[in-house]
Amino acid sequence: MIRYIYGNGLSTYPRLRDSMFADRAAQFRHRLGWDVALDDAGRERDQYDALNPLYIIWERPDGLHGGSLRYLPTTGRTMLGEHFGHLADPVRDPLIWECTRFCLAPGAGGHVSAALMLGGLEVGLNLGLTHAVGVFDARMLRVYGRLGWPPAVLGRDGAGRDAICAGLWTYGPELRAALLARAGVSSEVSRHWYRRAFGDGKLVLAA
Amino acid sequence: MRQKREWFIERLQSTTTLDDLRAEIFRLRDAFEAEHLVYHSVNSIGEQYAALTYSDAWVSEYTTQDYARIDPVVQGCLRRFHPVDWKQLDWSPKPTRAFLGAAVDNGVGHQGYSVPIRGPSGQFALFTISHRATDEAWKTFRDAHLSDLILLAHFINQKALEIERGSDHIPVQKLSPREVDALTMLASGLNRAQAADTLAISEHTLRVYIESARFKLGASNTTHAVAKALAQGLLIL
Chain A
1 MIRYIYGNGL STYPRLRDSM FADRAAQFRH RLGWDVALDD AGRERDQYDA
51 LNPLYIIWER PDGLHGGSLR YLPTTGRTML GEHFGHLADP VRDPLIWECT
101 RFCLAPGAGG HVSAALMLGG LEVGLNLGLT HAVGVFDARM LRVYGRLGWP
151 PAVLGRDGAG RDAICAGLWT YGPELRAALL ARAGVSSEVS RHWYRRAFGD
201 GKLVLAA
Chain B
1 MRQKREWFIE RLQSTTTLDD LRAEIFRLRD AFEAEHLVYH SVNSIGEQYA
51 ALTYSDAWVS EYTTQDYARI DPVVQGCLRR FHPVDWKQLD WSPKPTRAFL
101 GAAVDNGVGH QGYSVPIRGP SGQFALFTIS HRATDEAWKT FRDAHLSDLI
151 LLAHFINQKA LEIERGSDHI PVQKLSPREV DALTMLASGL NRAQAADTLA
201 ISEHTLRVYI ESARFKLGAS NTTHAVAKAL AQGLLIL
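As they're listed, the protein sequences go chains A and B.
In this text, residue positions in the first sequence follow my numbering: the first is 1, and each later residue adds one.
In this text, residue positions in the second sequence follow my numbering: the first is 1, and each later residue adds one.
Think of the hints as simulated: they come from the structure by calculation, not from any bench.
If you're wondering where the values come from, they're calculated on a predicted model, not measured in any experiment.
Positions of the beta carbon are idealized from the N, C-alpha and C atoms, including for glycine.
Keep in mind that the hints are not guaranteed to be accurate.
To be verified - Covered by chain A, per the in silico footprint, the following chain B stretches (three or more residues, Cβ under 8 Å):
#1 75–84
#2 108–119
#3 143–151
#4 229–235
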C-alpha cells in the first residue's frame, strides 16, 4: 500500500523507516556508487531527511519498505539548489515540489515504481501543484518513460547510463489512469490511501 | 479570481512598509469576501511578525491564553508544508472545542484553510483564510481558489521578507570544524559520551564545542542548537 508520511511521523513505523534507509543505502551507495554517507547501521540519511520532508512509501505486505521517494517544497532548501546547481537552474515556486531519492527495494516489481509515481501524482493533483523537479540517475529515464510519465530533462552531467540528470515532471489528471493500471491499484483504493493520510475528516499524517 | 490575484500582486509590488502590507491584507480579505485573513511569520531566529484582520481583542485573548498550544491549526501545520482545510484537523478534545467556540465568538469563521510556507534558511510562515460559509459553499469556494491562495500566501511571504530585509538574511554564523563535528555526531543520534569517543576528545572538551556552537547559533539548548545548525545547512549527515 502507499503511505504518505512526514518525517516526524516515521517513528510510528520503525520497521518501514529502517528498511527504507537501508534500501536507500543499497541503491545509492552500493548499486549506483553515489557519494552518499552511511550511518553506523549502514543506512543512508542526509541533511534533507532532517527537514521533515514528505515521504511517499510503498509498504509491502510484511511491513517492509518496497520503494519510496521524498518531497520537499522548492521555496525552502532543495538538493537542486544546494548540490546540483550545475545540472540546472534551481527552481523556486510554491506550486513545484522537489522529488528526490526515488528508491526501489532490491527485487521490487514494476508495479512499485508505478505506485510511487501514482502517489506523487495524487499529491500533486490534490494540492494543485503544477510540476515536480528532481535529480535522478539516467537509468531511471527508461523507467519513467515506460510508466508513461517521463520528465523533461533540464540538464545532465556525465555520459550514458551513468549520468546524473535533473528533470521536470508536469502534473496532469490524464496520467492517472495509466499509472493506476500499471500499479495494479483501483482508483477508489488509491483515493482511500490518500484520504487516510490527508483527510477528509481527521488529519492523521502518520496513518 | 485570476484578475483579483493579479490586481493584488500588483498592489503588493508597491508595498514598502509592514503597515502598508497590513492594509493590503484587509483589502484582500474584502476582495475574497472572507471573514478573516492571517499572515504569521516566524524566522530562523524566532522573530515573529503578523499581519491580520482579527480584532485586537481576539489577538490579545489568543496571546494571553496561549492558545497556540492547543490550536490545531498551529499544531497541524507546524513542520508540514501542504495546505490544510480546518475540517481535516482534530477538533474533538474538549479544550479545543472551547477554543473554537471562543474563536467563532470573536468573529473568526468556522471554515478555514491554512497554507504553511517554508522560506529560505528555516523561515516559516502560515497564511490562513477563514469563512462563514455552509459546508457546500465552502467546498466550492476552496476548490475554486486553492492555487490562488497558495500563490498569494507565498507572495505575501516574499514581500514580508523583502520589507523586513535583514531579519532573514542574517549572515550565517560560521561554526568551527570541530563545532560542526560535535553537532553532527549529536544530530546523528550519538550521546555525549559516544560523540566524544568518536571524535577522540574528552567529554569536557566536547561540551566546550557544543556550548560555543550553541552561543554562536543563539540556541536555547543543545537540541535547539542541533536543530538550528541542521536547518541552516551547517551539518552534513
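Practice problem: With a C-beta cutoff of 8 Å, work out whether three or more residues of the region 143–151 of chain B approach chain A closely enough for the coverage to hold. | Solution: With 4 residues in contact (Cβ-Cβ under 8 Å with chain A), the coverage given for the region 143–151 of chain B holds.
Closer than 8 Å Cβ to Cβ for three or more residues is the test here. Does the region 229–235 of chain B pass it with chain A?
holds (count 4)
- Query: the region 108–119 of chain B covered by chain A? Criterion: 3 or more residues, Cβ-Cβ distance below 8 Å.
  - Reply: Since 3 is at least three, the answer is holds.
Please verify the coverage claim for the region 75–84 of chain B: does it have three or more residues whose C-beta sits within 8 Å of some C-beta in chain A?
Answer holds; 7 residues pass the 8 Å Cβ test.
When the structure is compared with the earlier hints, no violation turns up for any of them.
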